[in-house]
Amino acid sequence: MGPSASIDEKGEHIVAVSQEEHLRELSKGYRFDWKDQSNSVFEPKRGLSEAVVEEISSRKSEPDWMRKRRLKALKHFEQRAMPWWGADLSGIDFENIYYFIRSTEKQAQNWEELPEDIRGTWDKLGIPEAEKKYLGGVSAQYESEVVYHKIKKELDDIGVLFTDMDSALRDYPDLVKEHFGTLIPANDNKFAALNTAVWSGGSFIYVPPGVHVDIPLQAYFRINAENMGQFERTLIIADEGSYVHYVEGCSAPIYTSDSLHSAVVEIKAMKGARVRYTTIQNWSTNVYNLVTKRAAAYEDAVMEWVDGNIGSKVTMKYPSIYLLGKGARGEVLSVAFAGKGMHTDAGGKAIHAAPYTTSVITSKSVSKDGGRTGYRGLVRVEPDAHHARSNVRCDALILDDESRSDTYPYIEVEDETAALGHEATVSKVGEDQLFYLMSRGLSEVEATAMIVNGFIEPITRELPMEYAVELNRLIELQMEGSVG
Amino acid sequence: MTSTTFDEAAFELLPGTSEPLQRMRKQAFEEFRALPIPSQETEEWRYTDLSDFELSFEPHVPSVVRTTSGQDLDGLGVMFTDLDGAAESHADLVERNLHTLVPTDRTKFTALHGAFRTGGTFLYIPPDVRVELPLQTLTYLDADGAATFPHTLLIAGEGADVTFIDRFASPALDRALSDAIVEIVVGDGAHVRYVSIQEWGSGVTHLGIQRARVGRDAEFRSLAIGFGASLARAEAETVLAGAGGFSEMLGVFFADGTQHFDHRSVQDHVAPNCSSDLLYKGALRDASRAVYSGWVHVRPSAQKTDAMQTSRNIVLSEHAKADAIPNLEIEANDVRCGHAASVGPVDEETVFYLESRGISRAQAERLIVTGFFQEVLDRVRLDEVRHNAELAIQEELGEPATAGAR
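Residue numbers (this note's numbering), protein chains in the order written: chain A, 54 to 537; chain B, 4 to 409.
Quick caveat, the hints were computed from the structure, so don't treat them as lab data.
None of the hints are false.
Pairs of lysine-lysine residues, derived as BS3-like cross-links and limited to a Cα-Cα distance of at most 30 angstroms, are as follows: (1) A:Lys230 / A:Lys125; (2) A:Lys121 / A:Lys230; (3) A:Lys379 / A:Lys324; (4) B:Lys307 / A:Lys393; (5) A:Lys230 / A:Lys206; (6) A:Lys481 / B:Lys307.
One side only, chain A facing chain B, incomplete, derived with CB under 10 angstroms: (7) Trp137; (8) Val434; (9) Asp454; (10) Tyr461; (11) Pro462; (12) Tyr463; (13) Asp468; (14) Glu476.
By construction, the Cβ of each residue, glycine as well, lies at the ideal position given by its N, Cα and C atoms.
With these hints in hand, go ahead and build the complete structure from the sequences.
Here it is, written out as structure tokens:
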């Protein structure tokens, strides 16, 4: 692993130089350790073509089936129209994106290299200096390797496989081949096709039967030279009766020079297993975040998505759960925030395809400064999925008269024993609440932030402590300068 | 006249009308020819497939009976008449309002309506006039293979007050098309109650659009009862255009056999300080299918909006299928908006209780459905209207649920 290729989980902490400069820099100092390709100087190219896809595949020394899969996906991507619904995606210029180099964007080498606003944010978050450097990725490499190795040993002992997708394809080819793309086929949607064609990095987790992983597995602690792009691919298989909590995250604002992030996440919770997948997404506001997340829950399995979307220019993400086995349970907790220039179109889907399955979707959204949040969801009960139960609850808070909130819940029921409910409310911050808090000496901003934090509390209480604290702090930061 | 594909020849055969209306008609005909049959690819038509729909019918003027409950309308200056007649006598009012709320180029079917409509109902209530008793139009169709284009144009002047019942019925037919448009202008401070009872026989494809514009401090209450037709797509839209307006939209439907209902609603808040409330309740039996989709739009200008939207569905048999999509699009912040939707079976505990009292399961279900609909009917203020609706429901449900029922 070359020193310049030390990138944390998502290629998140990236120097805010122009992409051009960035690439010059990279092609100069590029020492990425492709196995079969040691001394070629990599010349990044814009745009997407078969050649680019072939190159990605060959540089990764992938098996032939994956190469073919990528090429086929590229065809699907080219054939499919852009979605006509949801957010405005007309700003995406597919020809102007580097599909390959993105995975090699390097990290800041020292604290001063980090963009001003990121440093500022961390100052405001009150994170200690050492931790800041760590979060900034500056010293993350060393420290996280330590942590990573420690965790890795523990995981090895109980037989849990936790690695990046590229390594998994190399080290566990059969497992990957068996499950890759089975929940989200390449032609599922345009962006899943794109991901399948150019994916790089992402996490691979396999939890053996009956194993309970006590610590949340955080992508953050995994150093991975080959990662991490805007097109990461994650696959989690929780075998029978196992438990795992995966936290994908950005515990700090993310900065990226690129403009498109399109991940695919597939999760299988086998019989009696329980998987929780937590995301705190805080991309900078020049990122199109178009992610396909899908889980299958088999008999008596439990699948939980905890999905916080605080950043990005556009987010379109609807984590879904296919309840495929009798008694399976699914839950989606979604928080969306949209500030100036942002459109967050989030939600959740539950497809009941087996009897006695239950699902709960809870969505909380906050929009301000002209931001637009949306809940878009689907609850579907297939014929013969008798005695399905589902409840959907969406609440939206609109903080000023320029902002907007939309709710598009789809309920489709093909079985007469199903019981489904949906409720939503949209409101502003209660004046009496504000008045009370301000009469106690809080400023309007503080009071508003407090009310918003209370509003999203049902979600934050489900987060690991440090993430909950951070989400609250982020909300407070977002509130700054909002009112009065 | 034989079946037609609504071509030039058929268009030429239409009886003449006033010059401006003829122009409107001509334009609609061009639009009809240019527009495609709505595709399921679009969100609006996602749940109703008309791709194989054969547009070949005999244009037909159904029998229309207008009843005034014995009131002297002339004395009040109220116009309650045939739309074509009104186009002569009240040319200005008709030309100014016809197809302004539902433009002919909205879909291929509204264009068809605009081109081939003859007849229809025109109701005008002058400012500050109050019509005590409900007025009613019964549109009866009994010609197989016919296409009919019912149109209601209701204009309530400032401060006027009226209740109007639009009733559509036919026997079972092999095949017929009802392509209906209802346009309602509720003047400032006016009160309008509009009830539609759709009891087309099987074989009828009903495509209806109802759109009301509610003025300042005005009140619009609508009740839609839908039992008939093989396929019924009914859109009901209210635009709250003046500050302080109020809209209530109630719906009751019962689907059985292989009926397909596609109900769509829009509560469009343009002006501030308005409130709107929508409650649709449906029961489904056999292999029927019902879709409810609704939109609450709150425009940036519509601060202090209070809007509610509720869809409740009871599914009574294994092969029935219900979908609900209650949407909110909120662009103002000082608002209170909510929606709720549910789909579920009859409550087994309630059935059990009734059965334990010696009531058969079928009867218990009827009682429960009657009670389920009662919540809507209880909100209908005029006894006569409520009674009408109750009768229609009882008829649909079969034998009276209890001896005491009307």
